[in-house]
Structures are given as structure tokens and as C-alpha cells.
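S.K.: With these hints in hand, go ahead and build the complete structure from the sequences.
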Amino acid sequence: MTNTIREIEGMEVIFIIGSNTKETHPVIANRMLKAVKKGAKIIIADPRKVPLVRFSEIFLRLNPGTDVALINGIAHVILKEGLNNREFVIARTDGFDKWKESIESFTPENASKITGVPKEDIIKAALLYGGSRKAGIFYTMGITQHTHGTDNVNAIANLALLTGNIGKEHTGINPLRGQNNVQGACDAGCLPNVYPGYQRIDMPMVKKKFEEAWHASLPDKEGLKSTEMIESASEGKLKALYIMGENPMLTDPNIEHTRKALGKLDFLVVQDIFLTETAALADVVLPATCFAEKTGTFINTERKVQLVRKAVEPPGDAKEDMWIISELSARMGHDMKYSSAEEVFEELGNLWPALSGISYNRIRNHGIHWPCPTKDHPGTEYLYKAGFPRGRVSFTPVKYIPAAEPADKDYPFVLTTGRNLFQYHSGSMTRRVAQIEAHAGEPYVEINAEDARKLGVKPDEKIKVSSRRGQIEIKARITDSVSEGIVFIPMHYKEAAANVITSDALDPYAKTPEFKVCAVKIEKMV
Amino acid sequence: MVKVTIDSKTIEVAEGTTVLEAARMLNIQIPTLCHHPKLTPFGGCRMCIVEVKGVPRPLTSCTTPVSEGMEVTTSSPEIEELRKTVLELILSDHPNDCMICEKAGDCTLQELAYFYGIKENRFAGERRVYEKRDGNPFIERDMEKCILCGRCVKVCEEVQGVEAIDFTYRGFKSKICPPFEKDLKCEFCGQCVAVCPTGALTGKMWALRGRQKDIKEVDTTCAYCGTGCNITLHVRANEVIRVTSKEDKWNEGWLCVKGRFGYTFINSPDRLKKPLIRIETKDEGRRTKDEKQEGISRPSSLVPHLSSLFREATWDEALDYTAQRLKEIKGKHGPDAIAGLSSARCTTEENYLFQKFVRAGLGTNNIDHCARL
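Chains as they are written, first to last, in our numbering: chain G, 1 to 526; chain D, 1 to 373.
Think of the hints as simulated: they come from the structure by calculation, not from any bench.
Among the clues, some could well be false.
Unchecked claim - Heads up, simulated SDA-like pairs for lysine to any residue below, C-alpha to C-alpha not over 20 angstroms straight-line:
id, chain 1, residue 1, chain 2, residue 2
1, G, K319, D, K330
2, D, K185, G, H439
3, G, K310, D, N238
4, G, K38, D, E15
5, G, K34, D, G161
6, D, K332, G, D283
7, D, K327, G, E9
8, D, K204, G, H334
9, D, K185, G, S481
10, G, K310, D, K332
11, D, K38, D, D166
12, D, K330, G, H334
13, G, K34, D, E157
14, G, K337, D, G363
15, D, K330, G, G236
16, D, K327, G, M336
17, D, K38, G, E9
18, D, K327, G, A330
19, G, K260, D, K273
20, G, K310, D, D166
21, D, K330, G, D266
22, D, K273, G, D283
23, G, K319, D, P269
24, G, K237, D, G16
25, G, K221, D, G161
26, G, K237, D, E328
27, G, K237, D, G334
28, D, K249, G, E381
29, D, K182, G, H439
30, D, K38, G, R6
31, D, K249, G, A434
32, G, K38, D, G16
33, D, K249, G, I363
M.R.: Here it is in C-alpha cells:
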């Protein structure tokens, strides 16, 4: 997030695209409702009628995978109506003219044809977002989990640049991160092309700095992204995989393919708190600790570093992940001895100035938002106050490219996947909470009433949902929250895992799979 | 700004400030039951009554805005007698079962009864008797303990935007319930439980796990989504028995169903307790055949009995074996034949160490985590 959660309260316009905030980030949704009470207007763009739609001013029910057309259409209207922020564009951006040409064809009429959203609504949304200088954009995987996810993000960035809705309080671009410490994992350098703090591995000075700090010579070659690891394993190139606290057997697309790929590995180590579907395939399983059993930090979606404190002892011989990694590293000939998590955090802070000013002591009561370069720095609530780090930022022309696997004659429905309020990701934690299981323990597919009628499907009837990759049997939940031709399956349930059928088509840059669009067919059970 | 005098202390406050808020700024305690600082004032319980000079009857301080030159007295024999009477009336049909009440020790009503020394009740008489018939697994609703303060109704509407419950009926029969007294249709965020000043609303899973004695409270950060709500784990005998959130933290004490009630996985009997080493050989062909026999690909079908797949090992054995295999593979195929998948569920420090191990220890940049999924 370029803003903080607190700032939502002061926004005039909240533009939510591809985020079911009320179910996936409920407490952020509370903040949005608080803003609405103060007069903020919500725009929601989503193929599903998500719960927050009830509080929205405008609901843009777009066809899955048509986000670029919608966003460009909105930008087109903003330009035409002269709501663009000329001063901002001149002072802080490049490439405006070329980008302007690229959106000329995205008239509200054309955008409406592609997205299925009435053109009046596109215009209304454009006037509302473009008319405000305190407007925040919020998105999650509804934007990124597409073969053109990077394009979607660029289109959003263009919109913010056009209106200057970034770099000030109460206005910015806010991806809501789905996992407690996905921000921290990125910040700590668990990415194949950057060291901690997004410092690029292909810059010799940077590499030298880390080699000196870590007393080791480091590899030059950029590594594999998670989805590429599976691919490489499948091709027999990757021989060993060490997985800490992940469950790709449920969270990766096309499970069948993932299983075969993991099966080809010579050696698989899984470190987890449960024997997950992935751990069951491992050669060695290492019992680790959960958040209540260790000390450290989580960095939340607004870049706030917060303390995690040990409250209970782990079960049996389960050990802290830190201990396990250090022991393994020592056995591999690379000593990593730390007396505490705090010492590790300090080392990270020494290597990345954005965290340098943060210490455990400073965040004992309240977290601090990075960047926080010095011990007396208060932290940074919203980014880019003093300009963009690289000076001017470029508009990126973005073309509309349809999803990789549209519905067709054989597979006439579009499947989109996601989370529900009660379960969490692969369910390894929530599905072991008896109360949650009692309330939301059964997989289901959301299907539109009209489609159900045509197929003769009754509420709660078990049906077959299949794609070119696999099929599952699952109960039908008839609802108006999906439109005709679209079905939704929550990803959590292993007994009817959505990812058995999802497509493993990837975004060419981020290598993120297209979980939000694939073609399926629906049949009654015989 | 408006100047107001409360108990002979003078303070200047913004227009629209209530007498109660101004008094709290002066650290003057006024007892309340229905008031909650994050919700709109209600004026229902009448505990917060005060005397205002020139006004013949007492006023509820939570709903009375200050005015210029206002002189307020928050405590006098008359006011205290009235408050005591209010409490006695509230307690007149309240179950006296503090001994076994989940809320004992953390109950505002119990605390006020203690401060006002209410041992016997002049108004004891008819009692409200309600059948508990709520099927939901999260929230225990004991309506006999409800004092109709309305906090739950307000939090559900004002904070959560759900409006699952409201006041129904009138007079002695007044009751808070879902539409048509059906089962709750709600998000089970438990915001109502957090603001309930009595034992009317509690977490079902808290029952008989411990109340206030021998509880250690540990402030930490929620481990579910990326919002990062501050939570407090209540621990008794090495077990997390309850999760709450403090109002003075950035998330204002609000949580969701997962954060508030999704903690029992910590003590799940399924937790891994020993390192495991595979005993049967891996055979891709065999797996595929199994699946074919099953008809449908289900990951769960691949989790047969643990004992048939793995044997327990010591840490030394498991770690030595792992290191040996990784070394072999590195020696034979080079470091890029190995990759590490780190976790967005682990701490920043663990992630830092993990990538350091992969880069400096194994010698490859094949490191990623699930940000893309």
C-alpha cells in the first residue's frame, strides 16, 4: 500500500477493483465503512456482487479478465472531461502523449462492449474518481491473478498518475496483501531477482555488499520464480526443493501437474506445522512452530513492522524455523549463528536502510511503517511524498488482451476462484478449527440462478465441474452474486480443490497464474 | 471551544464534546454501562447521570453536549443513590451466577455491583427466562444476562455494517435478537462479544477453559491476512484459550472471525511433533495409478496413514540426512538444481534467514514464496 489503513478514513473516493475486501480483509473493510459514514463514496469493479457492493455508490460488474478495458475506459473519460491533473502529469511523469494515443480507442462504448459494464456507469465512475484528489485505489488478486496481471497493475498506475492521486495523504495505490507476512517475505529478499530490500542481484556493487555481509560468494544467475520451479521440476531439471510453510499442492494451479512435478524431484523437504498435502509427498518432514510459539516480526500490507511474541511452547519436538534453518545451514558448511530473532532483524536493518531505524524496542507497543531510516525517524505513512525514488514515472501504454482460456462451446462457463470469509488459503489452519469447520466446512460452487434453472440444478445438489485439466464434484450454491455464465469456487477445500481445474497459464512478467479465469463445464451427476 | 467546569475543575473542549468525554479528559470517573467510546451515544442505562447547575433533573452525561459556562457535579449522595437504584433495577432480573459465569472478573456489571456494594436487591421479583437455542458454533448468547445496553446492536450496524440483530418487543419483554428470532445470520466477527459489558455474549469456545485467574496475556500480531491486526493471546497452562484485541491499537479492537475464533489449530492433535523420514520409495507412476483407481484427483486421497509413509526420526538424523542429500544433489547437478520456497506465513526474520541459507549456503538464487498465489 502506498497509503496506510488509517488514511482510508479520510478518503473521498474508494475505488475497489478485484478485491472482496469484506471477506478477505474484513478489518480494512471496517475502516472503509467508517469512511463511508464520513461521506466517502465507494466504487466497486468485480465480476461478483461482493458483500461490500451494498455500501457502494457504483458497482461495475465487469466480465472476468476485462479490467484493462475498464480502467482504460475510465481514463479515457477522465481525459475527455478534463479531470486529469495537468500539473502533476507535467511535473512528475513521462510518456503521457504516447499513452494518450494508446487509450483513444477505449471510448466508453468500446469499453462497455468488452467489459459488459453499461457505458453510463463507466462515465459515472470516471467522474467520481477523476473528480477527486483524495481517491484511493484498492486491489488484490482479482487484478494480479491473470495472464495480463502486470498489464492490469500498469493500467491502475496510469490512472493514479493521470489524476495525481498518489504521493499525498488519503490518496494512492493500495494492493491489499493476502497473507500476514507476504510483505515481510518480499522485504526480506525471498524473491529470485533481488536481495533483501529489493536490492537487485544483477548490480555488482550490491552483490559485493551482500557477499561481504554474509561472508560468502553469491551466485550471479537470477533464480526461478515459484511457478517456474514447478515447471523446472516437471522438466526434470530441478532436483531438490526445500519448502518452508507452503502448500503448493493446494495453492498452485493445475494440481495434477504440480503433483507430477513434485513427484519427479529427487528430494523434497517440507517444513510445516501440519502434514499438508505437500508434506505428504516429502522425503523429509520437519516439524516447525506456528506464530504463537515464536518471536519475530510480521510486516503488514501497509508496510508496518509489528512484533510477534512467543506465548506458548511448541508441541513435541517441533522447533522454531530459525533454529531449523540455522542447523541445516551449519551442516551445509555455512554457519549462521544468532542468539535471537532480534539479532537477525538488526542484521536485516543494517543491509536495508528502510528498516535501519526500527528496533524491537521501538515497536513494542505500536508498529512502525517503513521506510524508517534512522532511530529518530517516525516512519513513513504514505509513500512518494517527496517525489518518486527514480524521479519521473512513466505512463505505460496497456493493450487489452483477453484471458488465456475464454469460455467456448465445450467449456461454456468461466470459473473464477478466491477465498471466503471463514476459511483461509489452503485451509491447513482454519480447517483444523472445529467451529469454523462446523460453519463453513463444505466446498461449494456459486452458480447463477438462471444457469442453475437451465441445467436443472437444485440448491445443494452435487454437480460435476470440469476443465481441460481435471474435474471435481461439488455442491451447488445458487446465488445472484455471480452473473450468468460465471461460476465461483473458493480455493480452500482439498476434497473439491478448485486448483484441480484452474489453468496454469501465467502472466509473462510476474509468472502469476490466471486463477481468475478459466473455462469449465458443469454437468449433473449421473 | 467551550469552557466547562466539572467537579470544580475547569477545562476547555471542542464544541459538541459530551459531558462524559470532558470528564474523562479530566480523569474524572463516571460509571457507565451502555456507553462505548467508539459507538454513538445511547443514554440507555442511566448510570452516567450527573447534576448540571440550573437544570432541575439529572442528565445523562454521555448524551449531553457541553455548553459555555456549564457547571457539572458528577457525584453527590443523591446521584449515587440514583445510580445504585438503577443498578439494583438492572440486577433485579439478572442471574446471580457469577460463580460460573464466563465473564466473571471482566464484567462491568459485576464490577459496578461490587463498587456499589449491592448484596441484596429490593426489587427482586419476576425474571426473564429465555431458552438458549442458537445453533451457531461461535457466539454464546445468554439473553438472561443481557442488560439491553445496545452496544452489540450498534457495533453490528455502525462498525461491521451487518445489522444482524436489533431490539425487539417492549418493556420487560424487550430483547435483542436476529430478525424473527431465527438463528444468527452474521459474519461472526465477534465485535459484539468484545463490547458486551456482561456475560450475555461470550465465545462458545471459551467456555470452561479459564477466566481471569492464572491467565498470561501476550500481545502479538494476527497470523491470517495481511491486515496485521493486533491481538492478545490469553494463555493458560501453555494453551491459548481466548483471543482479544485492545481498543487502543490501530485496529481499534476490531477483528474478524478468523482472528478472533480461528486459533484452536495451535493445539490441534494433528500438529507435527517429530521429524519424519519417508520409508516407502517415491514412484510417480504408482501415484498416478492410485489416482486413476480413485477416479477423481483428490489431494486428500494421497494422504494415507502417516505410518505407512514415514517413520519418526531424531532432529540429528533428519537434518544430517537432509544435508547429505542436498550436498549430493548440489555436487552432481550444481546448486541451481536446488530451490527453496519460503513462506509468507513465517516471520520476517525466518524469511531473511531462509533466503540467506539458499543464497549463501546452497549457492543459488532459486528462492521465492507464495506472493504470486
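S.K.: Against each hint, give a clear statement of whether it holds in the structure.
M.R.: Hints versus structure:
1. G:K319 - D:K330: Roughly 26 angstroms between the alpha carbons, so the hint for K319 (chain G) and K330 (chain D) is violated.
2. D:K185 - G:H439: holds, 11 angstroms
3. G:K310 - D:N238: Judged against 20 angstroms, a Cα distance of about 11 angstroms means the pair holds.
4. G:K38 - D:E15: At roughly 18 angstroms apart (the allowed maximum being 20 angstroms), E15 (chain D) and K38 (chain G) satisfy the hint.
5. G:K34 - D:G161: This hinted pair holds, its Cα atoms lying about 10 angstroms apart.
6. D:K332 - G:D283: holds, 19 angstroms
7. D:K327 - G:E9: violated, 54 angstroms
8. D:K204 - G:H334: Cα-Cα ~49 angstroms, so violated.
9. D:K185 - G:S481: Holds. K185 (chain D) to S481 (chain G) sits at ~17 angstroms (cutoff 20 angstroms).
10. G:K310 - D:K332: Since the Cα atoms of K310 (chain G) and K332 (chain D) sit roughly 41 angstroms apart, the hinted pair is violated (cutoff 20 angstroms).
11. D:K38 - D:D166: holds, 18 angstroms
12. D:K330 - G:H334: holds, 14 angstroms
13. G:K34 - D:E157: Status holds; Cα separation ~11 angstroms.
14. G:K337 - D:G363: Given that 20 angstroms is the threshold and the Cα spacing comes to 18 angstroms, the pair holds.
15. D:K330 - G:G236: Status holds; Cα separation ~15 angstroms.
16. D:K327 - G:M336: holds, 17 angstroms
17. D:K38 - G:E9: holds, 14 angstroms
18. D:K327 - G:A330: holds, 12 angstroms
19. G:K260 - D:K273: Outside the cut-off at roughly 28 angstroms; violated.
20. G:K310 - D:D166: Since the Cα atoms of K310 (chain G) and D166 (chain D) sit roughly 40 angstroms apart, the hinted pair is violated (cutoff 20 angstroms).
21. D:K330 - G:D266: holds, 12 angstroms
22. D:K273 - G:D283: It holds: about 16 angstroms lies between the C-alpha atoms, which stays within 20 angstroms.
23. G:K319 - D:P269: Holds - the C-alpha atoms of P269 (chain D) and K319 (chain G) are around 17 angstroms apart, at most 20 angstroms.
24. G:K237 - D:G16: violated, 70 angstroms
25. G:K221 - D:G161: violated, 51 angstroms
26. G:K237 - D:E328: The given pair, whose Cα atoms are some 15 angstroms apart, holds under the 20 angstroms limit.
27. G:K237 - D:G334: Status holds; Cα separation ~11 angstroms.
28. D:K249 - G:E381: Status holds; Cα separation ~16 angstroms.
29. D:K182 - G:H439: holds, 16 angstroms
30. D:K38 - G:R6: holds, 15 angstroms
31. D:K249 - G:A434: violated, 29 angstroms
32. G:K38 - D:G16: OK: K38 (chain G) and G16 (chain D) at ~16 angstroms, within 20 angstroms.
33. D:K249 - G:I363: holds, 12 angstroms
Comparing the model with each numbered hint stated earlier shows that hints 1, 7, 8, 10, 19, 20, 24, 25 and 31 do not hold.
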